[in-house]
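Q: All chains should be modelled from the sequences, with the hints used to inform the complete structure.
Top to bottom, those sequences are chains S and B.
Counting in our numbering, the first sequence runs from 285 upward without gaps.
Counting in our numbering, the second sequence runs from 61 upward without gaps.
Hints in this document: simulated from the structure, not taken from any laboratory.
None of these values were measured; they are calculated from a predicted model.
Every residue gets a Cβ at the ideal spot worked out from N, C-alpha and C, and that includes glycine.
Heads up, none of these hints are tricks.
In silico SDA-like links for lysine to any residue, alpha-carbon gap of 20 Å or less:
hint, chain 1, residue 1, chain 2, residue 2
1, B, K116, S, D350
2, B, K310, B, K389
3, B, K107, S, T372
4, B, K116, S, E353
5, B, K107, B, V369
6, B, K386, B, T73
7, B, K286, B, Q243
8, B, K117, S, A354
9, B, K107, S, F312
10, B, K116, S, V329
11, B, K117, S, R370
12, B, K296, B, L196
13, B, K117, S, V329
14, B, K363, S, D313
15, B, K296, B, K399
16, B, K107, B, F96
17, B, K292, B, D247
Going by beta-carbon spacing under 7 Å, a handful of chain S positions derived as facing chain B:
hint, residue
18, R315
19, G316
20, D317
21, Y331
22, F333
23, N334
24, R349
25, G369
26, T372
27, A373
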Amino acid sequence: MDHERSLEGWDPGRVEGPDLAFIVERAFDYRGDVTVVHGDGREQVGYVFNRDAEAPQPFVQMFPRDGGEAVTIPYADIASIRFSGRDTAAGNSYAAWLRSREAVKASKPASSA
Amino acid sequence: MSVPASQMWTVATYVLKQKLQRRRRYPLVLMLEPLFRCNLACAGCGKIQYPAHILKKQLSVEQCLAAVEECGAPMVSIPGGEPLMYPDIGRLVTELVARRKYVYLCTNAILLKEKLEAGLFEPSKYLSFSVHMDGLEPEHDEAVCREGVFGQAVEGIREALRRGFRVTTNTTLFDGASAMRMQMFFDEMMDLGVEGMMLSPGYSYSKAPDQEHFLRRQKTNELFRKMLSNPKPRWKFNQSPLFLQFLMGKHDFECTPWGNPTYNMFGWQRPCYLLQEGYAASFKELMETTRWEHYGHKSGNEKCKDCMVHCGYEPTAVDYTFSSWKGLKATVAATVTGKL
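A: Okay, here's the thing in structure tokens:
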């Protein structure tokens, strides 16, 4: 499993410059929805699936949680990104499955050994 | 080896055409992911960890066909997600077959019998069900984190074969795999009557739940040498023999990350099927703007260090076959004799 701590629930506050690029990278790597806070205070919730920090106008691309087509948001319009949605890659489902399998085996009557 | 002659001919002429056109980078197999939804949550899979609204999305058939045309590869592999959960899978396959694309529909086969009985597919030399089978029953059910799946897959395979479909298996190997048990698995699959088997070591997806059981290079070589040094003539593999020899440590290939380009609802995935470092809006953009030199074993990229997965190295093996007499001779020898 991934030993890196999940960013779920993290609110880095207002960011700009290299900090913004850093937060965008984390959001791109995050397997949950985030809330993008625009410079004018407007908020958009969705899944960030792409970004380009080296484009003439750096941008992120996001599928809004409420549906619809992907939206492109320039870095210049982003004031902050909150890691507001559940991190779907966090947790230990493999370990959980092993535990549940062992529990099922233990609950079965012992074979005639 | 068990790749049908017509498919071998199609691939051979395609690769030679690329060589004649002096095209340095060309795609061999398009990995087309119409959706990320799956009816399993396998421990080694990093493909399905998304919010619900993303898992509900899917590509349209038209988007899929546009990607196929844009890419131009002679083979299309449809993984996912579970492609049999894609509502338009019947129409998509029909359209691909009409375009004479060799289609590998990669499925866990839980829904295979049901879909076949519903008449969704017609047998064709262009269509092969590539059923995910990670070993004998206990190993497979453990890998997919659910008991009973091996039995369902076997039932699906039997039904597909009974109806005259091409069926292959695809197997991902993890650390701890037993060479002897895998050989028993090969026997069992051949007894079932599948056309051929595909093998690959797993890739350590950063998002996969199980991060502890991926094979490192040396262990991969050891396992494959043990498994395949003395192959039974009845074992048929639906892949390049040189790729299997590479897994055994007999060739020092470099990755061809553009060989199996991936298209899904996010766009054209950079740089390969396994790594998600961004998306390009078009296939041309993917090929022209991805910094390919940053990827592959020799690049020093940590994410590529232990990778020996088929999607990067099988295109290398195929390219090597058609790049030199030595490569061609080695492929022909392995194909004719069955020795690896």
